[in-house]
Amino acid sequence: MRLILASASPRRAELLRAAGYDFEIAAANVDESIRDGESPSIYVRRLAAEKSAAVMAAVIGRASRAEAGDRDHGPAEAGREGNGDVIVLGADTTVVVDGEMLGKPSDDRDSAWMLARLSGRAHQVLTGISLRRGALEIGRVETTTVAFAPLTDDEIAWYVAMREGRDKAGAYAIQGYASRFIPRIEGSYSNVVGLPVSCVRELLREISGTRRDRSSARRSSAG
-6 MRLILASASP
4 RRAELLRAAG
14 YDFEIAAANV
24 DESIRDGESP
34 SIYVRRLAAE
44 KSAAVMAAVI
54 GRASRAEAGD
64 RDHGPAEAGR
74 EGNGDVIVLG
84 ADTTVVVDGE
94 MLGKPSDDRD
104 SAWMLARLSG
114 RAHQVLTGIS
124 LRRGALEIGR
134 VETTTVAFAP
144 LTDDEIAWYV
154 AMREGRDKAG
164 AYAIQGYASR
174 FIPRIEGSYS
184 NVVGLPVSCV
194 RELLREISGT
204 RRDRSSARRS
214 SAG
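Quick note: the sequence shown, position 187, residue 180 per the working numbering, numbers continuous.
These are computed hints drawn from the structure, not numbers from a lab.
Hints may contain errors.
What the hints assert, rightly or not - Pairwise CB distance ranges (calculated):
no.: 1; residue 1: G127; residue 2: D160; range: 28 to 38 Å
no.: 2; residue 1: A142; residue 2: E93; range: 16 to 26 Å
no.: 3; residue 1: R173; residue 2: D24; range: 31 to 41 Å
no.: 4; residue 1: G30; residue 2: R194; range: 25 to 35 Å
no.: 5; residue 1: P143; residue 2: G202; range: 42 to 52 Å
no.: 6; residue 1: R114; residue 2: M(-6); range: 39 to 49 Å
no.: 7; residue 1: D103; residue 2: G169; range: 10 to 20 Å
As the list claims (entries may be wrong) - Restricting the straight-line Cα-Cα distance to at most 25 Å, the calculated cross-link-like pairs of lysine to aspartate or glutamate (DMTMM-like) are:
no.: 8; residue 1: K97; residue 2: E31
no.: 9; residue 1: K97; residue 2: E43
no.: 10; residue 1: K97; residue 2: E195
Note that the structure is predicted; figures quoted are calculated from it, not measured.
Backbone N, C-alpha and C define an ideal beta-carbon position, used for all residues, glycine too.
Throw the hints in and build the complete structure from the sequences for me.
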């Protein structure tokens, strides 16, 4: 069984490696626009599924070319073993405050605005997970509540100048300098970093056939 991470995020890759997983990386290119009326949980769950689907389609395409005699294989060379021997993991994370999703900041001013929104209050970090093996797809949405200390204007300016949150939802990284601003969380820490590893383990066990959890399948169809 071979695992492919459908993400270019170095943080997700680091979390998987730290947990002892062997995997390949194949970034997925999908439209991340929010649909009208789409809730945060539905949004991250949909994008995670679209990412895993895009990479699985690439795996199938490479496998078809290999069968036709094309020897130019990419990172999804695992397709030669059959699609059922490949598991694709897709994920998407967003930060939610007052029901509004905060994605990656567009510039430093946007970063400062986001940090001011988070200052002195709690917000939620949602990550949608999608695992795909052949025609089977399962998933879940993990939620963690993060409390932020009140931030002064100088603290916000300092953190923005550190450039740490430029490519991160909510404009901060809990594993970095922003840890000084976060007195507590409720839920998975790795989820806030970008990938709820314990959740991934449970879903991997299910989709690989080592554990059958029907409740997870129901959550997948409901999410």
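Against the structure, the hints come out as follows:
Judged by the Cβ atoms, the range 28 to 38 Å given for G127 and D160 holds: they are separated by roughly 33 Å. A C-beta distance of roughly 21 Å is found between A142 and E93, which places it inside the suggested range of 16 to 26 Å. Remark: the range hint 31 to 41 Å for R173 to D24 is upheld by a beta-carbon distance near 36 Å. G30 and R194 have their C-beta atoms about 33 Å apart, which keeps the hinted 25 to 35 Å range intact.
Our hint of 42 to 52 Å for P143 and G202 holds, since their Cβ atoms are close to 49 Å apart. Look at R114 against M(-6): about 43 Å separates their beta carbons, and that is inside 39 to 49 Å. At about 18 Å, the beta-carbon gap between D103 and G169 stays in the expected band of 10 to 20 Å. The straight-line distance between the Cα atoms of K97 and E31 is roughly 18 Å, inside the 25 Å bound, and the hint therefore holds.
Distance check on the hinted pair: K97 and E43 sit about 19 Å apart at the alpha-carbon level, within 25 Å; holds. Distance restraint check for K97 and E195: the Cα-Cα separation of roughly 28 Å exceeds the 25 Å cut-off, and the hinted pair is therefore not satisfied.
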